[in-house]
Amino acid sequence: MSASLATTIAVYGAAVGAWAALSALRGREVSRGQAVSVAIIEVAALGQAAAAIAGLFRGHEVSEKVVLIAYLIASVAILPIVWPLASDDSSRWGAATLALGCVAVAVIAVRALDVWQG
Amino acid sequence: MARLSATFGPPGPGRTLAVAYAIFALAAGARSISQIAGDLGDAPPLSYLLSALAAAIYLVAAATIGRPEPSRLRIARIACIVELAGVLAVGTYGLIDPDALAAGTVWGGFGSGYGYLPLVLPMLGLLRIHAATPEAGAADSP
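Sequence lines, in order, name chains A and B.
Anchor point for the first sequence: position 78 equals 78 in the numbering used here, and the numbering is continuous, going up by one each time.
Anchor point for the second sequence: position 81 equals 81 in the numbering used here, and the numbering is continuous, going up by one each time.
Everything labelled a hint here was simulated from the structure, so no lab data went into it.
Note that the Cβ used here is the ideal one computed from N, Cα and C, for glycine as well.
Take these hints with a grain of salt, some might be off.
[Claimed, not checked] The calculated SDA-like cross-link candidates involving lysine to any residue, where the alpha carbons are at most 20 Å apart (straight line), are: (1) A:LYS65 x A:SER91; (2) A:LYS65 x A:ALA51; (3) A:LYS65 x A:PRO84; (4) A:LYS65 x A:PRO80; (5) A:LYS65 x A:ALA77; (6) A:LYS65 x B:VAL82; (7) A:LYS65 x A:VAL110; (8) A:LYS65 x A:ALA15; (9) A:LYS65 x B:ILE33; (10) A:LYS65 x A:ILE81; (11) A:LYS65 x B:LEU88; (12) A:LYS65 x B:ILE36.
[Stated by the list, open to error] Partial list, computed: chain B residues near chain A (C-beta under 7 Å): (13) THR16; (14) ALA52; (15) ALA131; (16) THR133; (17) PRO134.
Take the sequences, apply the hints, and build the full model.
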C-alpha cells in the first residue's frame, strides 16, 4: 500500500466531504462536480486496494489481516452504495448522505494504512 | 436502487441517519474483530463484547431508522435508547475508573474517539423517530 495514496484519499475525501456538507447546509442537492469527484476518489480507493492485495500476495505480513480486508472492502464498496442513495435524494439530505460517505472513505484510508504498517 | 431504498429508506433525513448508522456498524464491527482476533489474551472480554454489542445495535438502527413503517421505527427507538444508555454508562464508568476495560470501545469517553458522534447520533435518531412517528405527531397536537 502507498502511504502517499492513502494521504491523497484522506485529504481529497475530507475535502469533497466538506464540500457536500456545505451543499447540505445551503439546502442544495448533490452536483455534477461532486459526481466527478466521487468517481476520482473511487478510482484512487480501487488502486489502493489493488496495491494492498498485491502486497499481501507477495508476502507482506500484517497482524490484523481480517481487519485490513474488511477496511479494503469498505473503502471500495461505500461510495458505490452511498452515491445512488445521495443522488436519488433531491433534497439537502442527499448531500448530507454523500458527506458521510466521503468522510468515511477518508478515515478508512488512514485506518487501513495504520493496519498495513502494523 | 430499489434494494438500497428498501434498506436505507426513502429520500430524506432518515436515509442519511441510516447511512450514518451503517458506517458506525462497520467501525464498531472492525474494532471488535480487531480486539477478538488481536490480544484476546490480555484484553478484558467485556471490552470486545461491548464493541460487538455496539456494532449489532448500530446494524439494527441502520436497517430500521430510515423506514417509514411504525413497526420499524419502534425497533429503531429501542436501538437508539439502548445506544444512548450504553454511551452514557460506559463514558461515566470510564470517569470513575479510568483504567477500566470499557475504555477500548466505541462508547469509551462518551465516544470521544469518534468525534462524540456515538453520543450525538442516538439523540438525532430519537428526534427523527419522534418527527416520523404518526402517533407522536397526533399526541403533540391539542
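Evaluation of the provided hints:
1. A:LYS65 x A:SER91: Not OK: A:LYS65 and A:SER91 at ~40 Å, beyond 20 Å, violated.
2. A:LYS65 x A:ALA51: Cα-Cα ~15 Å, so holds.
3. A:LYS65 x A:PRO84: violated (30 Å)
4. A:LYS65 x A:PRO80: violated (24 Å)
5. A:LYS65 x A:ALA77: holds (18 Å)
6. A:LYS65 x B:VAL82: Given that 20 Å is the threshold and the Cα spacing comes to 31 Å, the pair is violated.
7. A:LYS65 x A:VAL110: holds (16 Å)
8. A:LYS65 x A:ALA15: violated (29 Å)
9. A:LYS65 x B:ILE33: holds (10 Å)
10. A:LYS65 x A:ILE81: violated (24 Å)
11. A:LYS65 x B:LEU88: Measuring from Cα to Cα gives roughly 32 Å; hence the hint is violated.
12. A:LYS65 x B:ILE36: Answer holds: A:LYS65 to B:ILE36 is near 13 Å, not above 20 Å.
13. THR16: This interface hint holds because 5 Å falls under the 7 Å limit.
14. ALA52: Violated - the Cβ of B:ALA52 stays beyond 7 Å from chain A, reaching only about 14 Å at its closest.
15. ALA131: Status violated, d = 13 Å.
16. THR133: violated (18 Å)
17. PRO134: violated (20 Å)
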